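K.L.:
Please build the complex by placing chain B on the supplied structure of chain A, with the hints as guidance.
Top to bottom, those sequences are chains A and B. Position one of the first sequence corresponds to residue 105 (our numbering), numbered consecutively onward. Position one of the second sequence corresponds to residue 479 (our numbering), numbered consecutively onward.
Note that these hints are calculated values from the structure, not bench results. For clarity, every value in this text was computed on a predicted model and none was experimentally measured. All C-beta atoms, glycine included, are put in the ideal place defined by N, C-alpha and C. Treat the hints loosely; a few may be bogus.
To be verified - Reference excerpt, derived from the structure (chain B facing chain A, CB under 8 Å, subset only):
#, residue
1, M523
2, D564
3, F569
4, K580
5, F583
6, G584
7, S585
As the list claims (entries may be wrong) - According to the in silico footprint, chain B covers these stretches of chain A (three or more CB under 8 Å from chain B):
#, region
8, 143-154
9, 193-201
So the chains spell out like this:
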Amino acid sequence: GAGVSQSPSNKVTEKGKDVELRCDPISGHTALYWYRQSLGQGLEFLIYFQGNSAPDKSGLPSDRFSAERTGGSVSTLTIQRTQQEDSAVYLCASSLGTLAYNEQFFGPGTRLTVL
Amino acid sequence: AQKITQTQPGMFVQEKEAVTLDCTYDTSDPSYGLFWYKQPSSGEMIFLIYQGSYDQQNATEGRYSLNFQKARKSANLVISASQLGDSAMYFCAMREYSSASKIIFGSGTRLSIRP
Numbered sequence: 105g106a107g108v109s110q111s112p113s114n115k116v117t118e119k120g121k122d123v124e125l126r127c128d129p130i131s132g133h134t135a136l137y138w139y140r141q142s143l144g145q146g147l148e149f150l151i152y153f154q155g156n157s158a159p160d161k162s163g164l165p166s167d168r169f170s171a172e173r174t175g176g177s178v179s180t181l182t183i184q185r186t187q188q189e190d191s192a193v194y195l196c197a198s199s200l201g202t203l204a205y206n207e208q209f210f211g212p213g214t215r216l217t218v219l
Numbered sequence: 479a480q481k482i483t484q485t486q487p488g489m490f491v492q493e494k495e496a497v498t499l500d501c502t503y504d505t506s507d508p509s510y511g512l513f514w515y516k517q518p519s520s521g522e523m524i525f526l527i528y529q530g531s532y533d534q535q536n537a538t539e540g541r542y543s544l545n546f547q548k549a550r551k552s553a554n555l556v557i558s559a560s561q562l563g564d565s566a567m568y569f570c571a572m573r574e575y576s577s578a579s580k581i582i583f584g585s586g587t588r589l590s591i592r593p
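So that you can see chain A by itself, here it is in the shape it has in the complex (with noise of 0.2 Å):
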């Protein structure tokens, strides 16, 4: 497909247990992004990649939160002993460059929910 993909849609997991979530960007895009939306509220930036280097890591919540990207495309999103308040949909979004104009492309999101 042409658009950013992400897996698993939904996640349910028990409190303490590690999780995976995966953005495949759109195709060429250089720069991905991960946000966290909370039940009702507004995006949260998490991290951000330029090729496979993370220049901006100043959203991760807490060192349980770690990403990597490999080969400048696909990127994968762990929690480590995932928390109840971890709970939330984990948007993935990619773009061209970083320039100010560079829109994002989001994903349809992963929805965690920890028990």
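P.N.:
Same frame as chain A, now just chain B:
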């Protein structure tokens, strides 16, 4: 520090009327971009319109226009001839050239169109 403020948590509008969604922003960077996104109940983020800080004219995209008042740091979205399908959350967002790594989002406005 960059900041986006949307003061209308919810709005009700009669079908076919025009509606204005408010957005104010704060930045010390003279170069920035402003975006509006629509998020229907299905959850995907849909890009609507972009305005650059140096653009001389207000941006327009079909029924969407952006009322950009730079001195007031205001970037209101105007939807003409509203339709039932316009019912959604609307987010205003900004990216500064100096920190082009991320887009900062407002808290959103929930727009409901009455038939």
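K.L.:
Would you check whether G584 of chain B satisfies its interface hint, that is, whether its CB is within less than 8 Å of any CB in chain A?
P.N.:
holds, 6 Å
K.L.:
Quick check on the hint: M523 of chain B CB to chain A CB, less than 8 Å?
P.N.:
Holds, about 4 Å.
K.L.:
Given as covered by chain B, does the region 193-201 of chain A meet the bar of three residues or more with CB within less than 8 Å?
P.N.:
holds (count 3)
K.L.:
With chain A as the partner, please determine if F569 of chain B meets the hint condition of a C-beta pair closer than 8 Å.
P.N.:
holds, 6 Å
K.L.:
Next item in the hint list is F583 of chain B. Is there a CB on chain A closer than 8 Å to its CB?
P.N.:
Holds. Min distance 4 Å.
K.L.:
Taking the least C-beta to C-beta distance, is S585 of chain B closer than 8 Å to chain A?
P.N.:
holds, 5 Å
K.L.:
With a cut-off of 8 Å, does the beta carbon of K580 of chain B approach a beta carbon of chain A closely enough for the hint to hold?
P.N.:
OK, holds: K580 of chain B within 8 Å of chain A, min 5 Å.
K.L.:
Has the region 143-154 of chain A got at least three residues whose CB is nearer than 8 Å to a CB belonging to chain B?
P.N.:
holds (count 6)
K.L.:
For the hint on D564 of chain B, just tell me whether its beta-carbon gets within less than 8 Å of chain A.
P.N.:
violated, 19 Å
Going through the hint list in order, the structure does not satisfy hint 2, though it satisfies all others.
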